[in-house]
Amino acid sequence: MIKISNLEKIYRTEDVETVALNKLSFEVKDGEFVAVMGPSGCGKSTLLNILGLLDDPDSGSFLFNGIEVAGFNERKRADLRKRNIGFVFQSFNLIDELTVFENVELPLIYTGVKAAERKKIVEDVLDKMVIMHRRNHYPQQLSGGQQQRVAVARAVVNNPKLILADEPTGNLDSSNGNEVMQLLTDLNEQGTTIVMVTHSEHDARYSHRIIRMLDGQTVMQDLMV
Amino acid sequence: MFKNYFTIALRNIKRHRSHSVINIAGLAIALAATIVIFLVLQHEYSYDTYHKNADRIYQVIKKDVSPTETGFQVGVPFPATRALRQDFPQVTFGELYKSFGSQLTVMKDPNTISSRRFIEESGVFFADPEIFSIFDVKWMAGSAAVLKEPGKLVLAKSIAEKYFGTWQSAMDGYLKIDNNILVQVAGIIEDVPSNSDFPFAVIPSYKTFESNQQYFNYGEQINDWGLSTSDHQVYALLPENMKAASIDANLETFSRKYYRMESATKTSHFLQPLKNIHFDTRLENNGDHISNKTSLNTLALIGVLIVLMACINFINLSTALAAKRGKEVGIRKVMGSSKTQLRTQVLFETGLIVLFAGMTAVLLAWLALPYLRYIADIQQQLTLINTGSILFLVITLVVTTILAGFYPSLILSSFQPVEAIKNKINNTRVGGLSLRRVLVVLQFAFSQLLIIATIIAVGQMNFIRTADIGFDKEAVLLLQGNNDSTSLARQAAFKSDLLKLPAVKSVSFTMDPPSSLNSWTTNFAFNNNTEDLPFSLYLKTGDEHYAGTFGMNLLAGRFYTTADSARKVVINETLMQKVGIKEPSEAIGKTIRIGAGKFREIVGVVRDFKNNSLRDGIQPTAIISYPAFYSLTAIKLKSNNLGKSGEAIQQVWDKHYPEYAAETRFLDESINEFYQQEERLSRLYKVYATLAIIISCLGLYGLVSFMAVQKNKEVGIRKVLGASVGSIVYLFSKEFTVLILIAFALAAPAGWYLMNNWLQNFTYRIDIGAWVFILAVLASVIIAWLTVGYKAISAATANPVKSLKSE
Numbered sequence: 001m002i003k004i005s006n007l008e009k010i011y012r013t014e015d016v017e018t019v020a021l022n023k024l025s026f027e028v029k030d031g032e033f034v035a036v037m038g039p040s041g042c043g044k045s046t047l048l049n050i051l052g053l054l055d056d057p058d059s060g061s062f063l064f065n066g067i068e069v070a071g072f073n074e075r076k077r078a079d080l081r082k083r084n085i086g087f088v089f090q091s092f093n094l095i096d097e098l099t100v101f102e103n104v105e106l107p108l109i110y111t112g113v114k115a116a117e118r119k120k121i122v123e124d125v126l127d128k129m130v131i132m133h134r135r136n137h138y139p140q141q142l143s144g145g146q147q148q149r150v151a152v153a154r155a156v157v158n159n160p161k162l163i164l165a166d167e168p169t170g171n172l173d174s175s176n177g178n179e180v181m182q183l184l185t186d187l188n189e190q191g192t193t194i195v196m197v198t199h200s201e202h203d204a205r206y207s208h209r210i211i212r213m214l215d216g217q218t219v220m221q222d223l224m225v
Numbered sequence: 001m002f003k004n005y006f007t008i009a010l011r012n013i014k015r016h017r018s019h020s021v022i023n024i025a026g027l028a029i030a031l032a033a034t035i036v037i038f039l040v041l042q043h044e045y046s047y048d049t050y051h052k053n054a055d056r057i058y059q060v061i062k063k064d065v066s067p068t069e070t071g072f073q074v075g076v077p078f079p080a081t082r083a084l085r086q087d088f089p090q091v092t093f094g095e096l097y098k099s100f101g102s103q104l105t106v107m108k109d110p111n112t113i114s115s116r117r118f119i120e121e122s123g124v125f126f127a128d129p130e131i132f133s134i135f136d137v138k139w140m141a142g143s144a145a146v147l148k149e150p151g152k153l154v155l156a157k158s159i160a161e162k163y164f165g166t167w168q169s170a171m172d173g174y175l176k177i178d179n180n181i182l183v184q185v186a187g188i189i190e191d192v193p194s195n196s197d198f199p200f201a202v203i204p205s206y207k208t209f210e211s212n213q214q215y216f217n218y219g220e221q222i223n224d225w226g227l228s229t230s231d232h233q234v235y236a237l238l239p240e241n242m243k244a245a246s247i248d249a250n251l252e253t254f255s256r257k258y259y260r261m262e263s264a265t266k267t268s269h270f271l272q273p274l275k276n277i278h279f280d281t282r283l284e285n286n287g288d289h290i291s292n293k294t295s296l297n298t299l300a301l302i303g304v305l306i307v308l309m310a311c312i313n314f315i316n317l318s319t320a321l322a323a324k325r326g327k328e329v330g331i332r333k334v335m336g337s338s339k340t341q342l343r344t345q346v347l348f349e350t351g352l353i354v355l356f357a358g359m360t361a362v363l364l365a366w367l368a369l370p371y372l373r374y375i376a377d378i379q380q381q382l383t384l385i386n387t388g389s390i391l392f393l394v395i396t397l398v399v400t401t402i403l404a405g406f407y408p409s410l411i412l413s414s415f416q417p418v419e420a421i422k423n424k425i426n427n428t429r430v431g432g433l434s435l436r437r438v439l440v441v442l443q444f445a446f447s448q449l450l451i452i453a454t455i456i457a458v459g460q461m462n463f464i465r466t467a468d469i470g471f472d473k474e475a476v477l478l479l480q481g482n483n484d485s486t487s488l489a490r491q492a493a494f495k496s497d498l499l500k501l502p503a504v505k506s507v508s509f510t511m512d513p514p515s516s517l518n519s520w521t522t523n524f525a526f527n528n529n530t531e532d533l534p535f536s537l538y539l540k541t542g543d544e545h546y547a548g549t550f551g552m553n554l555l556a557g558r559f560y561t562t563a564d565s566a567r568k569v570v571i572n573e574t575l576m577q578k579v580g581i582k583e584p585s586e587a588i589g590k591t592i593r594i595g596a597g598k599f600r601e602i603v604g605v606v607r608d609f610k611n612n613s614l615r616d617g618i619q620p621t622a623i624i625s626y627p628a629f630y631s632l633t634a635i636k637l638k639s640n641n642l643g644k645s646g647e648a649i650q651q652v653w654d655k656h657y658p659e660y661a662a663e664t665r666f667l668d669e670s671i672n673e674f675y676q677q678e679e680r681l682s683r684l685y686k687v688y689a690t691l692a693i694i695i696s697c698l699g700l701y702g703l704v705s706f707m708a709v710q711k712n713k714e715v716g717i718r719k720v721l722g723a724s725v726g727s728i729v730y731l732f733s734k735e736f737t738v739l740i741l742i743a744f745a746l747a748a749p750a751g752w753y754l755m756n757n758w759l760q761n762f763t764y765r766i767d768i769g770a771w772v773f774i775l776a777v778l779a780s781v782i783i784a785w786l787t788v789g790y791k792a793i794s795a796a797t798a799n800p801v802k803s804l805k806s807e
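Line order of the protein sequences matches chains A and B. Heads up: the first sequence is residues 1 to 225, going by the UniProt record's numbering. Heads up: the second sequence is residues 1 to 807, going by the UniProt record's numbering.
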């Protein structure tokens, strides 16, 4: 699914050069659930942005499903992203002006699904996430756990091959957190590849493999049993 | 997709309610102002375009070139029509004679005396049938052919109804013109559209004029090529494919053939296209006003600038809000939205707001239209909804959407999703402040320009209203009557009865008050010289009580008396100076020859008085007695309050002139009418200056909101460190004061230049003092401080903990 080699990303300001990714290489196979861990500033988020096709590496190779995507322009990245990748964020990132239903519907709109079909798909997903009864509410009216369930619903509504989760439980209490981790595990068992950035050893234990990063490089890969 | 845009647009409008209200209000005001301007321009440019041969219709203009001046006249000598027809057989010529203030007595049959009398200030045209081969009218009864005979007349439908009840019953009815000329109704036309400078209403045949010449005081001179009056006009319809230039060339030969070429003034003719008649300020037309194209262009420019100002507001507010929308944009991008989709969304939202504003604007324009006549020369009610205005509105809305929405859409769609989603978009990324500063400076420069223009225009109007016009215009009542022989014969008795009234101080018969828009000019010679002087002499006529009734001041000599009025003349200071005399007393006893008449002796010199409007300078003028022209009775009252004496005067009139309708007005009112156009112009400036100020204040408010968002953290930190509310308000106001001063640096020279040019239209004008500019800049600084104050104080008093937490 993902194969990166010698990936480099350097942030430059006027007089400081920060190396976020330093010739990073690893591979994620189809159906894997990988956790990325490391201290603040080790490049986790940069990595996730590049994997999510939100950002472009400065050098190195990034094969997504066997296609070299490093160097894709914004339009091509957006196109690939909207069909293949779902996102779950720590801060949920729902649009405040849209209802639960409309938030979940958004990715389908951008992939050009017809309205009638969209309604059916969204309702299915909301059902699965047990959030159907809240379909007409706005994000501010929901609890953190409910918001994250909506975010997960939105991430999977397009049936993506890959879900990228950025500290998905960071803003949740432990019971809501566990619920969300269970949702991700279920999705993974149904065949979705998941890459999750986390600070939580507890959450990381849900994954098959942990990639530990320091200063833009992998330092260790633990295989979970 | 569009449903989603629509939903979020509506919710955004609701959510940012105050911003939406500012945006919609600003745009609505601007669009309403522009719609009104459009309607004015549409109306002005539509004059006489409805004639099917409009592009082949011309007016024959007379051009007089003397060594010192070039004059243009719409009047053509009476014999010219026949000569033109003879020399240009391929062209259709039509002639008309225009009559002012004619009294029309309505009669069912010619032998009964009728008391149904009407005075028509305009619309009475003695016309030949060819006039209606040139101009289109719709015939309801009869045809142009009825105008071939004398004693026949055509009425417009509404006039026919006014006189006879129904237009059908008007047919074959009779009218008596000025109690002398009997005419029979032989045709009815539909009312002429209001956008015409040919308001045909009462149309006796031209033959009627020709066979009743004795009533029009032209005497034998009517066949003279040297006599012309603006009332006698000739129009031409060229055959297809014929160029006016080719006729113009031949008109030169024509002029040499018929005019005396030895005189100092060379006369020639040229063809004026119909489409210029409404706009040529060198000439007069038969409609109620001439439009100045420069004024119309200025108006169009103001319209465009006002919409631009509102668009600038929109851009400022939208980009200020953009930072708040960063997260939404980020999420949409992560979800796979393309830049184009985001841009479309922003433009769609803008379009929606512009549409709301457009609807509000139509309502505002509809409410404003009845008041249009106070600021524009258009006296008729314009229709808001027509094909042109709808098209204009649609185009304006689309253009406004693009102008207002394009830049914000570029800004929003260029956000990096990763940063946007993490709320890292701050305002330095939203295109920086500099562009907004430039935009606000432009806005303020424009509104200050209008403030300066308003102060100067209002000052000039006040100056004119209170200026010394050289005579006493107060408490003089003017009665417009007739100068036919019957009327003239009764004047003495009428006057003696008037003088018996306790309210009446003096009475004078005249043609014209000292100040009027009429001008009567002639060639003249001074002090028994045979040679004419190379400039024209302006004439005023009145009886021996003229100077007393109008309170004129004699500098030397006396006014002429009943006994010597026919041989004596009184001149003004300007004439005295122009003929080279320094002391008024030296002029007494000198002689002057008016036109081709005998030399008359100068018996008095009066202090200069304004003979026309203050736009023009004082002309060299002579006051002479000319009883045949006395149609006007000037009554000086003992007090300005007419009260019951109005009725008494009317009774005296009815006793002496039972068959005439009296038309009365006060002299000061009719003098004020000269400045109607300027009055309207200064009102127009006031209205648009106010609008510009409102719109730029809305914009300023937007920019302050933007700064408040941007400086949120700065204000928080400053407050934590102990800054006072005052110092934070200062932080906000300082910048705007600087912007306004920069705007002032642009507006002041431009304002001075434009208004100094405008003032050149007036011979008597105010000086543009420094106080005008000080007032303008103070006004805008104070208004800006008031606008900024609210936002600045609310930013300064906000809890700093909140603003810092968001980081």
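These are calculated hints, taken from the structure and not from any lab test. Heads up, a few of these hints could be off.
List time: in silico DSS-like cross-link candidates among lysine-lysine, alpha-carbon distance up to 27 Å [as the list claims (entries may be wrong)]:
#, chain 1, residue 1, chain 2, residue 2
1, A, K76, B, K339
2, B, K3, A, K119
3, A, K119, B, K327
4, B, K157, B, K176
Each hint, compared with the structure:
1. Distance check on the hinted pair: K76 of chain A and K339 of chain B sit about 12 Å apart at the alpha-carbon level, within 27 Å; holds.
2. Using a Cα cut-off of 27 Å, the hinted pair K3 of chain B and K119 of chain A holds, with the two alpha carbons roughly 14 Å apart.
3. Between K119 of chain A and K327 of chain B the alpha-carbon distance is near 25 Å, which keeps this suggested pair within the 27 Å criterion.
4. With a C-alpha separation of about 18 Å, the suggested pair K157 of chain B and K176 of chain B falls inside the 27 Å cut-off, and the hint holds.
Of the numbered hints listed earlier, not one is contradicted by the structure.
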